[in-house]
Amino acid sequence: MEAASASLEHGGEAMRLDPSGVLWLEAGATLVVADLHLEKGSAFARRGTLLPPYDTARTLRRLGWAIERYRPRVVVSLGDAFHDRAGAAGLTADDRRELAALAAGRTWLWIRGNHDPDPPRGLAGESLPSLALGRLQLRHLPDPADDGAAVVAGHLHPKARLVQGPRKAIRPCFAADAQLLLLPAFGAYTGGLNVLDPAIRGLFRSGFTAFMLGRSRVYRVDHRHLHPDPPDWRRYRLEGG
Amino acid sequence: MPEPFRHWFAARGWQARPHQLAMLGAAEAGRDTLLIAPTGGGKTLAGFLPSLVELTRAPTPGLHTLYVSPLKALTTDIARNLATPIEEMALPVSFAVRTGDTPANRRRRQRTQPPHILLTTPESLALLLSYEDAPAYFGKLRCVILDELHSIAESKRGALLALGMARLRGLAPAARFVGLSATVADPPQLLRFLSPDDERSHIVEADPGADPLIEIELPDGRMPWAGHIALYAAEAVYRRIQAVRTALVFVNTRAQAELFFAALWRINDANLAIALHHGSLATEQRRKVEAAMAAGALRAVVCTSSLDLGIDWGDVDLVVQVGAPKGSSRLLQRIGRANHRLDEASRAVLVPANRFEVLECRAALDAVRAGTLDGAPQVQPALDVLAQHLTGVACSGPFDADALFDEVRLAQPYAGLCRADFDAVLAFVATGGYALGQYERYRRLARGADGLWRLTDRRLVRSYRMNIGTIVEAPVMRVKLGRGRSLGEIEEYFVSLLTPGDTFLFAGRLLAFEGIRNNEVIASPAKNGGEPKIPAYAGGRLPLSTHLADRVRAMLAHPEGWDALPESVREWLDIQRRCSILPAPDELLVESFWRGGRHYLVAYSFVGRNAHQTLGMLLTRRLERIGARPLGFVASDYCIATWSLGDCPDVAALFDVDMLGDDLEAWTAESSMLKRIFRNCAVVAGLIERRQPGQEKTGRQVTFNADLIYDVLRKYEPDHVLLRAARLEAAASLTDVRRLADFLTSVEGRIRHQKLDRISPFAVSIIATIGREFVPGAEGDETLDELTAALVAEALADPLTGEVPA
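Protein chains in written order, with this note's numbering: chain A, 1 to 241; chain B, 1001 to 1806.
Think of the hints as simulated: they come from the structure by calculation, not from any bench. Don't take every hint at face value.
Unchecked claim - Think about it this way: if two alpha-carbon atoms lie no more than 25 Å apart in a straight line, the pair counts; the simulated SDA-like pairs of lysine to any residue are:
no.	chain 1	residue 1	chain 2	residue 2
1	B	K1675	A	S216
2	B	K1675	A	R96
3	B	K1715	B	A1420
4	B	K1715	A	D229
5	B	K1675	A	T92
6	B	K1675	A	E26
7	B	K1675	A	G192
8	B	K1533	B	H1720
9	B	K1533	A	P228
10	B	K1715	A	P228
11	B	K1715	A	R96
12	B	K1480	A	T49
13	B	K1675	A	P228
14	B	K1288	B	A1415
15	B	K1675	B	W1594
16	B	K1533	A	G90
17	B	K1480	A	D229
18	B	K1715	A	E68
19	B	K1715	B	L1728
20	B	K1715	A	E26
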């Protein structure tokens, strides 16, 4: 089944938001993916929580499918590609090969994030603090660009929640206004933060649109239709607490 | 009996009962004993008497007797009761209570200076067993008393307790095991749980006492068609309370308790002392009610299963069961709470909430009179509980895997455990047990050169001790009255439905939701007006037992027995017979009719709510497939109703038993039920930590993480021991599915499809509940599709009822 992506013009650039959670920029045939958090499982294992060690393989497999579909010339990892500094060194031989195969024949750019502030050693690709691409600024943290360019960022793991009576749907999502496009976290073990949380909501000056990820399409929902996580601490918090 | 005891009995005008003497004899012979006695039979004294006698004859320091109760509150009550003979006879016996509530300094004292008798819970026992000094602490143990064994043996906690018992047998070979139980359907099955040794174990049955007197309360007017709260009966119940000294009013859910309590107080013109008791109320509040009850200061308590077990309150002279009792064993247990003088009959009144419940109450009454009880399910060898136990054993010191395997198999639920499963669980505890052996360097246990397994990561000890137990609760929030005291806890999910100013009924008060402070719900007293919301709680609702269901089915098929039923119910059955049919016990009646542009199917399978939920899910899948465009379903204990936009041509094919194969597998793999069970297994097994009180991390975050783990594990290692544990538990907690399968097989070829031109009398009972049930939603793409469509169109479709957590 062909996945139905949503088209969007952001900062004057044409792009597609894919239901897998990757961003496709037509100009430059660039695929952008945020917050892979590779080796999150082993990071937990080091602390004594022995989560299934398959998250890296799973994340790379899903990324591989997206790369197969779009055949990008450039792949940009928008930061937090690894869950911590030990991540890149901890890759299994299989995962390392898989990653090399994905990067073969194309430009691979690692934008640095707060979880992985160092360039990944021993891996293909170039490490950058941020990237100007066409009229866009690509970076990990969603700070505004100095030159007023539209920003594409990750870091916050946005998810959106819809409620109707007893039914609800909670999905990772893109979130966008004219200045900022936030990407969902792509990693198999990444949780999410509700887009109505002040940490995300506060980034958008007025309204924004959520693009919720479905199995085979992206659902465009205006922020006014979304719901906060229950209980809504923000709205109901009392003085002195 | 030694002199002080004979004297003590005589001074109170008592005579030792035959079963109490039998317990003394059994103790001298060193045998494991299951004592089956009704409440009020002096069961507890019978259990402790041999220990008191032994300790009086030969007082030795160290722990002599361990008492394990399923309820913390019960340990406190028992301690109080134990104090009486010890003080009055001035026996040289010390005792202490040890539960999660015991202060740390007292716990420390108990460990350095063990009392002769320690009263505790299965979880605290597990904790004590995980200390390195456990062998010394329990080494001189002579007796282990397991109270209310029937209530715990069939649960997952029973598996934990059984493993603890097996460990104790190894540490204290001289100890004998004593089980105290109410009447059960299959005593030998319970005896096997108590003791692996047929030769050394036996059953003592006490005089069951006088037969109970049970009535069914019927309304003066007409019986309601639907609903399960029975508010119509509040006045009748109130009159009953007025006529006796003290009544226990049992209901089936906490929400029902709140509503019925409020209804009684609305008409409480005489200002009778009527109290409320259920599991979500603040502990201090519950203790206060229990103490007032013990002091004879109350006329009635409206309660849930929270008072099914407990100490004997001699003064209760009436038990009222509001709503059908769902099972005969449970009814008998509840009736036993009234009148603890054995020679007098307990008195009970059953209050059916609707017409089907009249049949069920009648069936329950017949069952109690005939002395037939519901069969108890066998405890499953839960692999997640075994993982928790192995972790505890590792915390206590090095162990030999072969010896531990043998010991574990002494626990009755694990008697059939195979070595491969044991090894898989051990590997899970050691390294996570993943096929990809990536975590060798992070292993938590290692096997040394001496062949013994040892803890290599001390962090495991702390996380084990913080996470003992088999019950993983839905996230709850404390409710506070202003800046004052705590009233109890309600589920976060319910809080999410409230906006400031909303009123809700809790702890017997009408409250207004103010807001949230320090993760607590702040409420204020509300004035009447508007319709308050009632907190609902997932689970806790027992389905109709197979035994009672069979009786109800038989009742339908035998009109000659209807004389015992009230007239309005007879009439109802009569009209049903004329408009549709009354199915024979070996038939499945399926009615279909059009109503308001929707096609309804109602199947009367009487297999209980949980099984009907599953059936509803499977039926809607099938209806979808044949293009009938189903919109929703609703389930009761008696039947399941679906509604669709289109017709269903072949009803018999719809109910074909093969739906439990392919469809069920496809459904369970995707269902939130299996994910929920997996999350619980992951917590119990120690993969992820349970939320601690006051911790900022919410239960929802645990949910999310566990779902991610589930998705990854299912793709990469579908046979991993935790997934197997979840599937086993799903299959077992779905005794309901087995029950459904048995039923569908038994009615194959005997499906009676009645095409009606209008709704039948039976169908009214369920159709009337549509839209009134508490239904957390399904979370598939379909939902998102629909929601988005609905948002765009600003037109809401008919609410599709989804899955209800079992």
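Comparing the hints with the structure gives:
Between B/K1675 and A/S216 the alpha-carbon distance is near 22 Å, which keeps this suggested pair within the 25 Å criterion. Taken as a hint, the B/K1675 and A/R96 pair is broken in the structure, with Cα atoms around 31 Å apart against an allowance of 25 Å. For the suggested pair B/K1715 and B/A1420, the alpha carbons sit about 22 Å apart, so the restraint of at most 25 Å is met. Of the supplied pair hints, the one linking B/K1715 and A/D229 is violated, its CA atoms being roughly 29 Å apart against a limit of 25 Å.
Under the criterion of a C-alpha separation no larger than 25 Å, the hint pairing B/K1675 with A/T92 is inconsistent with the structure, at around 29 Å. Pair hint B/K1675 plus A/E26 does not hold up; C-alpha atoms about 39 Å apart against a cutoff of 25 Å. Annotation: proposed proximity of B/K1675 to A/G192 holds, straight-line Cα distance about 18 Å (limit 25 Å). Restraint check for B/K1533 and B/H1720: the C-alpha separation of about 43 Å exceeds 25 Å, so the hint is violated.
In summary, the hint linking B/K1533 to A/P228 is supported, as the alpha carbons are separated by about 21 Å, within the 25 Å threshold. Between B/K1715 and A/P228 the CA atoms are separated by roughly 31 Å; this puts the pair beyond 25 Å, and the hint is violated. At roughly 20 Å between alpha-carbon atoms, B/K1715 and A/R96 fall within 25 Å of each other, so this suggested pair holds. A threshold of 25 Å between alpha carbons decides the hint, and for B/K1480 with A/T49 the separation of about 35 Å lies outside it, so the pair is violated.
For a cut-off of 25 Å, the pair hint linking B/K1675 to A/P228 stands: about 23 Å separates their Cα positions. Under the criterion of a C-alpha separation no larger than 25 Å, the hint pairing B/K1288 with B/A1415 is inconsistent with the structure, at around 43 Å. Between the alpha carbons of B/K1675 and B/W1594 the distance comes to roughly 36 Å, so the proposed pair goes past 25 Å and is violated. Proximity of B/K1533 to A/G90 is assessed by CA-CA distance (about 53 Å); at most 25 Å being required, the pair is judged violated.
Between B/K1480 and A/D229 the CA atoms are separated by roughly 22 Å; this keeps the pair inside 25 Å, and the hint holds. Only pairs whose Cα atoms come within 25 Å are accepted, and B/K1715 paired with A/E68 is accepted, the gap being roughly 20 Å. Only pairs whose Cα atoms come within 25 Å are accepted, and B/K1715 paired with B/L1728 is accepted, the gap being roughly 18 Å. Restraint check: the Cα-Cα separation between B/K1715 and A/E26 comes to about 32 Å, which exceeds 25 Å; the hinted pair is violated.
Against the hints set out earlier in the document, violations occur for numbers 2, 4, 5, 6, 8, 10, 12, 14, 15, 16, 20.
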